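S.K.: Chain by chain, the residues run as shown.
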Amino acid sequence: GAVVSQHPSWVICKSGTSVKIECRSLDFQATTMFWYRQFPKQSLMLMATSNEGSKATYEQGVEKDKFLINHASLTLSTLTVTSAHPEDSSFYICRARDSGRRSYNEQFFGPGTRLTVL
Amino acid sequence: KNQVEQSPQSLIILEGKNCTLQCNYTVSPFSNLRWYKQDTGRGPVSLTIMTFSENTKSNGRYTATLDADTKQSSLHITASQLSDSASYICVVSLTDSWGKLQFGAGTQVVVTP
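Taken in order, these protein sequences are the chains called A and B. So our numbering is basically just the index in the first sequence, starting at one, shifted up by 3. So our numbering is basically just the index in the second sequence, starting at one, shifted up by 42.
These aren't lab readings, by the way, just hints derived from the structure by calculation. Predicted model only: the values in this text are computed from it and were never measured. Incorrect hints may have been included.
[Said to hold, decoys possible] Listed next, with one range per pair, are the computed distances between beta-carbon atoms: (1) B:Gln64 to A:Ser86: 23 to 31 angstroms; (2) B:Gly58 to A:Ser8: 33 to 41 angstroms; (3) B:Ala121 to A:Ser21: 26 to 34 angstroms.
[As the list claims (entries may be wrong)] Derived pair list, reagent style DMTMM-like, types lysine to aspartate or glutamate, alpha-carbon separation capped at 20 angstroms: (4) B:Lys142 to A:Glu62; (5) B:Lys142 to A:Glu55; (6) B:Lys113 to B:Glu57.
Where is the CB? At the ideal position from N, CA and C, for every residue including glycine.
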């Protein structure tokens, strides 16, 4: 089956630093990728929709200058948390949409990245 | 208000027993409904996907049902195992080209020996 990977799987950083998270579709092309944030005991919250070769679309309340998204290729999207603060500590999950499939079974989640900001 | 409501929020069951999770939604227009299993610290993994025309879908010991008229779905776990301990999330897909999903808050299932 299709696989989506994320790197790193977990990261600890100091307050004020920037952290980059990668999301890769390993065996399919993804023109669209989605980034989610999940706090403990809560459901996934969509942060932004990333389209290859164009600017990301951010959900209301998500700061685009703080959460930089780059979808430079059909298999890679990156999320950079700039000037991270402790409140940014969360579980970040990407989801990739398989461009080649017309079936509804076309969307795959990554394993997530645990970010802890000290 | 969340357009996808799940119940119960959590439940504890004995290993080997069955359980049923509920999902009610008000999302429209509706494309398909999915059930995901999410282990702690991991991304969600798809269990079942149903369109509005499908009433039931099975995946091993997991059986999902859908009533598109009443906008209700259930996930039945048969002969639960310790590895079934996880959060089960009901997700409804909108009929748009962007693939946006509406997530339920999830039901936390704990299977005890």
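S.K.: Now tell me if each hint is right for this structure.
M.R.: Structure-based check of all given hints:
{"no.": "1", "hint": "B:Gln64 to A:Ser86: 23 to 31 angstroms", "verdict": "42 angstroms, violated"}
{"no.": "2", "hint": "B:Gly58 to A:Ser8: 33 to 41 angstroms", "verdict": "35 angstroms, holds"}
{"no.": "3", "hint": "B:Ala121 to A:Ser21: 26 to 34 angstroms", "verdict": "48 angstroms, violated"}
{"no.": "4", "hint": "B:Lys142 to A:Glu62", "verdict": "11 angstroms, holds"}
{"no.": "5", "hint": "B:Lys142 to A:Glu55", "verdict": "16 angstroms, holds"}
{"no.": "6", "hint": "B:Lys113 to B:Glu57", "verdict": "30 angstroms, violated"}
Figure legend: structure checked against the earlier numbered hints; hints not met, in rising order: 1, 3 and 6.
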